[in-house]
Structure formats: structure tokens, C-alpha cells
Amino acid sequence: MRTRTVCIIFGLAALFAAPTHVGATIGYPTSTATGIDLVPVEDVLAVAGFEASELWGMVSVGEPIPCTDVDGLVICYFVPVRRGAGGIPSRNALFDEVRRDSERAADLLAHFAPPYASGEPAPPALLDELELRSTDAEAMPAVRPDGEISHRIQYDFAKREQDRHIRSASGADNYGTVIVSARRTMHPILAIYHFLPPFFITGPDAAARANALPGKEDAVLRDIVFLTPGEIYYLFDRGDERVLVNAKTLQVVTDEDGFVAAARQLSASTAIKRETITHGDDLNPATVWDQILVLARQQERRNER
411 MRTRTVCIIF GLAALFAAPT HVGATIGYPT STATGIDLVP VEDVLAVAGF EASELWGMVS
471 VGEPIPCTDV DGLVICYFVP VRRGAGGIPS RNALFDEVRR DSERAADLLA HFAPPYASGE
531 PAPPALLDEL ELRSTDAEAM PAVRPDGEIS HRIQYDFAKR EQDRHIRSAS GADNYGTVIV
591 SARRTMHPIL AIYHFLPPFF ITGPDAAARA NALPGKEDAV LRDIVFLTPG EIYYLFDRGD
651 ERVLVNAKTL QVVTDEDGFV AAARQLSAST AIKRETITHG DDLNPATVWD QILVLARQQE
711 RRNER
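The sequence shown finishes on residue 715 if you use this note's numbering, and the numbering steps up by one all the way, no holes.
What the hints contain is simulated information worked out from the structure, not anything from laboratory work. By construction, the Cβ of each residue, glycine as well, lies at the ideal position given by its N, Cα and C atoms. The hints are all genuine.
With beta-carbon atoms standing in for the labels, derived distance ranges:
id: 1; residue 1: Gln701; residue 2: Glu627; range: 44 to 50 Å
id: 2; residue 1: Gly668; residue 2: Gly467; range: 40 to 46 Å
id: 3; residue 1: Gly496; residue 2: Asn621; range: 31 to 37 Å
id: 4; residue 1: Ala622; residue 2: Asp650; range: 17 to 23 Å
id: 5; residue 1: Lys658; residue 2: Asp583; range: 20 to 26 Å
id: 6; residue 1: Leu465; residue 2: Pro624; range: 42 to 48 Å
id: 7; residue 1: Arg712; residue 2: Glu452; range: 16 to 22 Å
id: 8; residue 1: Gln675; residue 2: Arg715; range: 49 to 55 Å
id: 9; residue 1: Gly437; residue 2: Lys658; range: 18 to 24 Å
id: 10; residue 1: Gly482; residue 2: Asn621; range: 20 to 26 Å
id: 11; residue 1: Lys626; residue 2: Glu452; range: 37 to 43 Å
id: 12; residue 1: Leu676; residue 2: Glu452; range: 28 to 34 Å
id: 13; residue 1: Asp650; residue 2: Glu710; range: 45 to 51 Å
id: 14; residue 1: Arg707; residue 2: Arg674; range: 34 to 40 Å
Take these sequences, add in the hints, and give me the full structure.
Pasting the structure below:
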């Protein structure tokens, strides 16, 4: 029997900042796989689809996003998954979806920042929409003497709407991510997010941060550097320079040599921990790959009937 030792991550706030980008863009990683015996992409998709369906039921799987280790060699893939019926949108459509909800959340925050108002009256259309969305019966008597809804109630409505848009911008309601190893020497599933890959959430903000540094050339995404499920970096090229941006904090790494040394140490300790956790059943990673692929192919055949 196959044992499951998958790290499932539910919360977004503890890992990656809510998206704030407006108009920012990020390219696709240009990672190479020289000298690595990579798992075929079709196997990556099969494993991701099987694990996602085991967790969420009906799913559709999107294009894998390659991630590298600190040496620039492909180590795993972020595989975006749409939960429920319907196909997963294209990469550009996902960016657009995240951007729309990010802008909406930012708009609500601007008009309803504590203490309940920004100093300017909120647009009437915004208030109308919030009132239409509210089904809170207790809100009805909470009006000022002039008959207007109180600022506090407006703020509470707006805060709920803002939270909804932030969740939507992260894909927490409709999407997930299966992180699949790129190598048969590692166990297939490294982690599962209950939201979109950070590439869609914080990638554009990271590109904007890299482009804000002194220099004339635009930042081009080279790699997404994966150390652990919560320790991920974007590596950009800007002409002859390299820029590393933390996907969680969006801070620029100023000491790249120190980062590389620490990253290698972290990768080594993580590998030792993973060996301790996953090899207690005496199954080597290649065997686990084979087991999951057999189950995935069986599932595919059942779905075709």
C-alpha cells in the first residue's frame, strides 16, 4: 500500500503576501535542464492530476511551471489546478483574473481604510454594490439619524468584500497547486497549495521590484528558485546583473553569495529531513513514482469510458 506523506498547505497569508500589482507583468522562467534526467512532463501532469483529484474530486490541470534549485537545475514543477467543472484558464487569463481581484481589493482598501473611512466619500456605485451584496439583517437599524448607513457598517461590508477579493486573487476558492518533483530520485509530491502558484500571485510584484532598481534594462525572469514550499525566490536577469527577489516578502536579496551558501545548507537539511520522513516505508522514490503512475493511468482509463 502506498503511504502519503504530502505537505498540504491551506493558508495563503502565512506564505505569500496578497497581490497588489496593477499593470505589472512577469515573463515565463527560461530554466534549462542540462545534465538532468528529468521526469517526462506527461508523467508530471499525470501525477499532479491524480493527486489533485484524490483531494478535490473533479479537476483540470494547467501548464507546469518549472522551478530550479540554487544551482539553476530544474528540481520541481508548480502545476496549477482548477477545482470543479470547467477547464483551467490560460496563463494570461489567470494573470488577468488575479489582477482584477487585486485592483478591486485595493480600491476597497483605499476607500474604507480604518477608522472606517479614508476622508473621501466612497463612490455611490461602490456603496450600492456593497448594500446589494449584504444579507446581514442586523445592518438594517444601524443607520445615522439622517438615514444613511453608518461608516462602521459600510466599513464592515467593504472589509468582507475586500477579503473575498483577496481570496479570489489568490485562487483560494477555485484553484490549487500540486508541486511535483522533476526527478525520480526525489519523491513525486513535494507539497500541495490550496491556492494558485505564487508565480501568479506575487510574480508581477517581484518583477516590478526588480525593475525599480537602478538600471536601464528590463528585468527578465530566468528561474523560480525553490528551496522549500515556503521559501521561494524569483531570479531575474537585468543585462549583466542578477536580481533575486523573495516570493514571500518581495525583498531583494543583497548578498547573493551569502544567499547561495545558506540555500545550499537549507537544501541539504531539508533533504535529510525528507529522507527521514518518507523512507520509513523502505520505498525508494522511483518505486513511489511507479505506484502513483499506475494509479493515475488506471484513473485516466476509467475517465475515458
